[in-house]
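**Q** Just so you know, the protein sequences line up as chains A and B, in that order.
For what it's worth, the working numbering labels the leading residue of the first sequence as 1, then goes sequentially.
For what it's worth, the working numbering labels the leading residue of the second sequence as 1, then goes sequentially.
It should be emphasised that the hints constitute simulated quantities derived from the structure, not laboratory data.
Among the hints, a few may not be true.
Identical chains blur together in the list; that is why a pair holds if it fits in one copy or across any two.
[As the list claims (entries may be wrong)] Straight-line distance between alpha carbons at most 20 Å, and here's what the computed SDA-like set of lysine to any residue pairs gives:
| id | residue 1 | residue 2 |
| --- | --- | --- |
| 1 | K54 | A22 |
| 2 | K92 | E21 |
| 3 | K92 | E46 |
| 4 | K99 | I71 |
| 5 | K9 | Y120 |
| 6 | K99 | S72 |
| 7 | K9 | D121 |
| 8 | K112 | D88 |
Computed from a prediction, not measured in an experiment: that's the story for all the values here.
Number of protein chains: 2
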Amino acid sequence: MNTMEIARKMVELCGQGRNEEALNTLFAQDMVSVEACEMPGAPARECRGLAAVKAKGEWWMANHEIHSANISGPWPHDDRFIVGFQYDVTHKPSGQRIKMDEAALYTVNNGKIVREEFFYDMGG
Amino acid sequence: MNTMEIARKMVELCGQGRNEEALNTLFAQDMVSVEACEMPGAPARECRGLAAVKAKGEWWMANHEIHSANISGPWPHDDRFIVGFQYDVTHKPSGQRIKMDEAALYTVNNGKIVREEFFYDMGG
Chain A
1 MNTMEIARKM
11 VELCGQGRNE
21 EALNTLFAQD
31 MVSVEACEMP
41 GAPARECRGL
51 AAVKAKGEWW
61 MANHEIHSAN
71 ISGPWPHDDR
81 FIVGFQYDVT
91 HKPSGQRIKM
101 DEAALYTVNN
111 GKIVREEFFY
121 DMGG
Chain B
1 MNTMEIARKM
11 VELCGQGRNE
21 EALNTLFAQD
31 MVSVEACEMP
41 GAPARECRGL
51 AAVKAKGEWW
61 MANHEIHSAN
71 ISGPWPHDDR
81 FIVGFQYDVT
91 HKPSGQRIKM
101 DEAALYTVNN
111 GKIVREEFFY
121 DMGG
């Protein structure tokens, strides 16, 4: 698949809540995932390798109840693309309901996503 | 200004149609601006230097009538941020009315934006 095909598949799978399938099929084993900032209680800001990124996803799912999700894009540029994510979730440990609004920048190499970087502002 | 302050100012000025003021105050003289693809009749895909980028902006304004604009974001990550742009415009030479939907990735260095990259799909 070329970058735009990967990008469209990514949006399709995430829009259906099939995030783990996206990780298994579209990402490279040695991928790197980088958050915008360190978060208390969360995995490291930078995760290396598919296993670590899956563990981060499992941590996130265990700690958040999703009320609704909106995925927008993709917007491509050469071997990269951007996707928008908006989530209405309850953070289970605190019981606080929050609206998450972020953009993710993906980099593709040899037909797989090798890097994902999340852009957001925790300052609100 | 730090990256988030620059990002917020960028969104504020572009939201008010003050794009040239944004270029004059927030961007470095030797900035680089890169489109997602080459476009017929447009300036080069990659423009180097504030003067070339301003000329591209003037070309765009001369060739499009803006009916409405929506600017979203910014979403920051270290020294970069993403902004969303949606325009409802008429392409003056063809008379065709089009909805443009793109994301832009900005890179900041020493308090100025040094690189802007536009992400979009001309394939629709």
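**Q** Name the hints, by number, that the structure is in violation of.
**A** 2, 3, 8
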